[in-house]
Amino acid sequence: MSNDQTFDTSLHTHPDMAGGISEPEKSNHFVAPYDESVSFDELPDSAPKERFRLSLTGWIGAVIVVFWLLIAVFGSFIAPYGENDLPFPDDYSEFQTPREGALLGTDVQDRDILSRIIYGAGRTIGISFAATVLAYIVGVVLGIGAAISGPKVDMVVSRINDAFLSLPTIMLGLVVVAAVGSSIPVLICTAGLIYATIVFRLARALGMEIMVMDFVEAAKARGEGRWWIITREIWPNAAMPLITDFGLRLIYVILFISSLSFLGLGVQPPLADWGSMVRENLGALQYGESVIPVLAPALAIATLTVAINLVVDDVSAQAGGRLSKRL
Amino acid sequence: MTGLILRRIGIGLITVLAVSIIIFFGTKILPGDAAQIRLGQQATPENVAAMRERLGLDKPYWQQYLTWLKNFVTGDLGISLASDVPITNLIADRYKNTVIVSCLTALIGVPISLMLGITAAMFPGSLYDRVLTFTSVTLVAAPEFFTATLLVLLFVFALDIGNAVVVGSTEGKGFFELISHFALPIATLSFVIASQLIRMSRAAVLNVMSSPYIEMAILKGVPRGRIIFRHALLNAIGPIVNVVALNLAYLVTGVIVVEVYFAYPGLATLIVQGVQSRDFVLIQGLGMIFCLTYVILMLIADIAAFASNPRLRHPK
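In order, the protein sequence lines correspond to chains W and H. Quick note on numbering: the numbering used here labels position 64 of the first sequence as 64, and the sequence is numbered without any gaps. Quick note on numbering: the numbering used here labels position 223 of the second sequence as 223, and the sequence is numbered without any gaps.
Certain hints may be false.
Some, not all, of what chain W presents toward chain H, calculated at C-beta under 8 Å [unchecked claim]:
#, residue
1, A163
2, L167
3, P168
4, A179
5, I251
6, L255
7, S258
8, G264
9, V278
10, Q286
11, L295
12, A298
13, L299
14, I301
15, V306
16, N309
Quick look at which bits of chain H chain W covers, simulated, 3 or more residues with Cβ under 8 Å [unchecked claim]:
#, region
17, 15 to 22
18, 140 to 153
19, 259 to 273
20, 294 to 304
Over 10 Å on every C-beta distance to chain W, these chain H residues come out as not near it, computed from the model [to be verified]:
#, residue
21, F72
22, V110
23, P124
24, Q196
25, P223
Don't read these hints as lab results, they were simulated from the structure. Predicted model, so just to flag it, every value in this text is computed and none were measured. Ideal Cβ placement from N, Cα and C applies to all residues, glycine included.
The following block holds chain W by itself, in its conformation from the complex:
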């Protein structure tokens, strides 16, 4: 399993990796003729440099994602009210229909729905993004570690990982929240660690898969250095799958956090979060009063996750299939 060790034979000097040719061969091997004016990137075995071109659906997805990201970052400047302010302090009727002063109407506690959606964007996206990044750090470190640290360690870590993977994520979430209560750091850590199990599997398999690819072997045989191989051979092949998988993971984490919040076990009131907004305002539907208080946050989550999915689908179609399919 320790493919890593074979690299050590080729650890001698490889100074030049930003283009240009590496130092001329000193041995008497056959050396392909080259011209100083030819950039290294134009040689046949350099990484393909095609730029991604999104399809129409991909563009639509990208625009929606960027829209929500802007809202998430600049939300507090755009929102017409604070997240717990009442637009009509004198009016005590809940679930008011949209009108001037509250473009999406008011919720179960007379708060402005539009402002809460805007504040909720930052919280939902922020928590999910932080959790996904955590999942990636933990998963990739452990996964690559398991891939290169010998069969025994790999076996133990993988079995423990499998046990956690065989639980429904929402159950793990419920047990943790029951044990330590719900707060934003707990949510980030819980979601991050739960989804690290999946990242672990991908990273481990990816590490093992690419390390033994022919072109990596060829590069090793050619005498390329470890850093060159990682940046020029492995990274171009691992980048797209990893980035698209990050997008997919982000979708699952958003859905997971929103579901927990929807069950009342995620972000706690009075903080605005899309999942808990659906829960708070469910009465509006059940008493047949109004649709917007429930529809708006649900639609916000759906547009965001669907948009990410459209972009991921588009990118992965061009990068040769999703990572999970290749494994």
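Fit chain H to the supplied structure of chain W, relying on the hints for placement.
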């Protein structure tokens, strides 16, 4: 073959044990003390100590775990901390709703989605196929409560049929009455699993369709329907059963959200209440039930995958 299946079941059993350890010790790190919670804050230290002894809480953790596991296997889930009632009694009133909704979803949602997926694979690239693929790609990433809201919007608000809440008892209702009783939860869950099932069954059939023996059948002049149903489908059954089992396992999650959304009593709402009231005896028992269902369905998925693949059945 049998050896492989037995091996897989063995791994499944080990997984169940690991799961029980995770659930038991996961809830053990709770700050509260079960005896204290049951007796309330006014209890004297002597009473609490007596209660601890009665509940077996004075024994070491591993002994408590073994007793708990033995009781679980024999059907004794313990006594709820929040309501002082045996968990089995709490479950008895509620498990029907959860089981009915899950089974009806499987009965209705699965065949319809498979039919859609397979017919889409019959005409790849057609308008029908593209509309179906696009819809399922879109819906697959949407949360359950979004689908549920759309359905409520359409049926309750626009068409004025039914209620946004499931009310009333299921006592003495026939099959079709049950379907109409739980129409919205079943429809929501069916949509959720359909988006996966359509994509994956379509992919499974298309995958088989690209193999040489199908090309042979096409060149021989076999009609399209016959190719699909006589030649391709038989070889796609394994992957399809795998996908169905995986999606039914997913229902374990979906059913929790749907029960809370449509506000009817079931096992899922019970476990959510358990988490809110920190009733960890309840969480342990119900958590095990949910996880067992999930692990068993995953097991079926795995066995289906290699039972249908001769290359896995007879490894070189």
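Legend entry - Separation of Q196 of chain H from chain W, once the least beta-carbon distance is taken, above 10 Å: holds (12 Å)
Inset, instruction - So, S258 of chain W near chain H? Judge it on the closest CB pair being under 8 Å. - result: holds (6 Å)
Legend entry - Cut-off 8 Å, beta-carbon criterion: hint that L255 of chain W touches chain H: holds (5 Å)
Inset, instruction - Tell me if P168 of chain W is really an interface residue toward chain H, meaning its C-beta lies closer than 8 Å to one of theirs. - result: holds (5 Å)
Inset, instruction - Tell me if L299 of chain W is really an interface residue toward chain H, meaning its C-beta lies closer than 8 Å to one of theirs. - result: holds (7 Å)
Inset, instruction - So, L295 of chain W near chain H? Judge it on the closest CB pair being under 8 Å. - result: holds (5 Å)
Legend entry - Verdict on V110 of chain H as a residue remote from chain W, using beta-carbon distances over 10 Å: Non-interface label on V110 of chain H holds, nearest chain W Cβ at 19 Å vs cutoff 10 Å.
Inset, instruction - Decide, holds or violated, for the assertion that all CB atoms of chain W are farther than 10 Å from the CB of P124 of chain H. - result: holds (15 Å)
Inset, instruction - Report holds or violated for chain W covering the region 294 to 304 of chain H, Cβ cut-off 8 Å, minimum 3 residues. - result: Holds, because 3 residues of the region 294 to 304 of chain H bring their Cβ atoms closer than 8 Å to Cβ atoms of chain W.
Inset, instruction - Would you check whether Q286 of chain W satisfies its interface hint, that is, whether its CB is within less than 8 Å of any CB in chain H? - result: Because about 5 Å separates Q286 of chain W from the closest Cβ in chain H, which is inside the 8 Å limit, the hint holds.
Legend entry - Status of the hint placing A298 of chain W at chain H (closest C-beta pair under 8 Å): holds (4 Å)
Legend entry - Interface hint for V278 of chain W, Cβ within 8 Å of any Cβ on chain H: holds (5 Å)
Consistency note: the structure conflicts with none of the earlier hints.
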